[in-house]
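Protein chains: 2
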Amino acid sequence: MNAHPSDQSVFVRACRGEAVPYTPVWLMRQAGRYMVEYREMRSRVTFQELCRSPELVAETTVFAQETIGADAAIVFSDLLLILEAMGQELNYPTGGPKLGSPVRTAADVDRLKVADVESDLAYVWEGIAATRAGLQDDVPLIGFSGAPWTLAAYACEGGGSRNFIHAKSLMYRDPGAWTALMDKLVEGLVPYLVGQVKAGAQVLQVFDSWIGALGPDDYRTFAKPWTARLIRAVKEQCPDTPVIHFGTGSATLLGQMKEAGGDVIGVDFHTDFAWARDLLGDTPAQGNLDPILLLAEPDYLCERAQRIVDANAGRPGHVFNLGHGILPPTPVDNVKRLIEYVHEATSV
Amino acid sequence: MNAHPSDQSVFVRACRGEAVPYTPVWLMRQAGRYMVEYREMRSRVTFQELCRSPELVAETTVFAQETIGADAAIVFSDLLLILEAMGQELNYPTGGPKLGSPVRTAADVDRLKVADVESDLAYVWEGIAATRAGLQDDVPLIGFSGAPWTLAAYACEGGGSRNFIHAKSLMYRDPGAWTALMDKLVEGLVPYLVGQVKAGAQVLQVFDSWIGALGPDDYRTFAKPWTARLIRAVKEQCPDTPVIHFGTGSATLLGQMKEAGGDVIGVDFHTDFAWARDLLGDTPAQGNLDPILLLAEPDYLCERAQRIVDANAGRPGHVFNLGHGILPPTPVDNVKRLIEYVHEATSV
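Protein chains in written order, with the numbering used here: chain A, 1 to 348; chain B, 1001 to 1348.
Mixed in with the good hints there might be a few duds.
Unchecked claim - Pairs of lysine-lysine residues, derived as DSSO-like cross-links and limited to a Cα-Cα distance of at most 30 angstroms, are as follows:
hint	chain 1	residue 1	chain 2	residue 2
1	B	Lys1235	A	Lys98
2	A	Lys235	A	Lys258
3	B	Lys1258	B	Lys1235
4	A	Lys258	B	Lys1098
Hints are computed from structural coordinates only; laboratory data are not their basis. A quick note: this is a predicted structure, and the numbers were derived from the prediction, not measured.
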């Protein structure tokens, strides 16, 4: 649906595994606190006001892409908005997001709604439409959601967590309730992602940000079936839209993540990129620079970026990215330098 | 040095890779907040008073081992005590340990002392001696320290961390200062561990608790040389004392950890145990149940323990343990049940 000039961009073609004239680059959290313009905007509006304003979403997203010269834009939004649409109160105090009424029992799961995306999350689609209108025609736009496990973990913990004790306790103690929770998430996530494509996204990324909390056995039982169902359902409706499937702490899960689906598998920085590419075979891969290298001297930053280029060894289907999101103290000049460097180093 | 009857225990023999009549079990943090007796003691003394009292260390350590029926005791102590001996102020407020004057520059590294273990950490050795005296003769005692990288990370961050931005920034921006910091740590750690053996420990464990923050390239450059030097130096002085080398988030590092040294490699719960044993070959392995499974129903707990026994497939040199420390809400009865179960399931 919605053929767009940027479907032929270097980034989208790399996602399809095609040979491209240089390795495309975008960076997770490329619009955010490391930019003074973002901090200035946030001094005027809250995080939630920003997420809910299509104009500000477009402004933030387009500004970041144009400033750093990334090969794609990713819509400014947040993984947790869908949990608010499912009935959890959502706040962003200093120190990380907080969700009200954390899910701890089967009764808590029963109380959650399936997100009514049309009525409660249309503002995300409007943000995508406004961003698409604001971007240059040749720049692809990425929409995204959390993966079911990561969202369920947030719902259970009520925010960030070190051990995921509540999520895992529910998994282990009440697999029926866990199944019901994951089912509800997927039921809302499918139309949420499909709607992002309809609104103007050329590519989707599914973030399983906390999947590294699980070992391979638990992933197989408690996470993979729902991620697979989500990606399959989205691809049925949007067969031409590449889906990037990313997790962190996922080295021991990469083979299963590939099985779960995704046209591109995102690789975190704990994983040797050459090893990951061997494991993934012909499946395109995204990654995987440690974001803290963006705080190093530019020469060392470029040396480490070169190692990833070398690890890729000229294979088609590489999207250069960080192995995790940009951190707030990152110098913008280093971000620009990295992107230029990867373009130069991979130009054929 | 110090031959002891428990050198012939099932646990120590398993650490040496010998065939044993059943798989020995101990659990990281087996003495701690999940026990009401521990919480009662801690209502009377602070964490640091406990660590500094040989009598209370012995009481806590011996009580836990005897209560749960573990095949080894591990001295009650803390990784960070050596950083206090190096000159960093150390406190344990609610929310995790805090170190004063975090190390951020070469000048900060210069200001750190090499720990004078004899004068500043002798209380740990006295705790080991008292514990050894309190344990049954056939129960082996484990001494321990942090690995250099994990301690350096604590020193730089000033406490716990999500991204290890300060430690990695120092590593990447000033490798000379990083080298000096790691050198100083190892210089104190060697006599610290050797002294624990002299005081009565039969086995040592080196905890690289935060090593999972590094990818394989960074581990090779910034961590492995010092861990290797530490283990080599300790083994030169204590050739008969098994060293367990444990890390978390370490799936992508296991091969290098084996190269760095250790008679036993500790495997965290993110790693498939059969895969780890194949990778490690004849090197004994410890692990690797997810500690949150101790919050599950006993039947499911035992089912999951059985999967690890099955993954080990009868290979000698397996020490059953968690893949991470016991969490405070763990029911003591589940801990006892787990240990009984593994003993029964593996008895020959």
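Right, here's what the structure says about each hint:
1. For a cut-off of 30 angstroms, the pair hint linking B/Lys1235 to A/Lys98 is broken: about 48 angstroms separates their Cα positions.
2. At most 30 angstroms may separate the alpha-carbon atoms for a hinted pair to count; A/Lys235 and A/Lys258 meet this at roughly 15 angstroms.
3. Restraint check for B/Lys1258 and B/Lys1235: the C-alpha separation of about 15 angstroms stays at or below 30 angstroms, so the hint holds.
4. Simply put, A/Lys258 and B/Lys1098 have alpha-carbon atoms about 41 angstroms apart, too far for the 30 angstroms limit, and the pair is violated.
Comparing the model with each numbered hint stated earlier shows that hints 1 and 4 do not hold.
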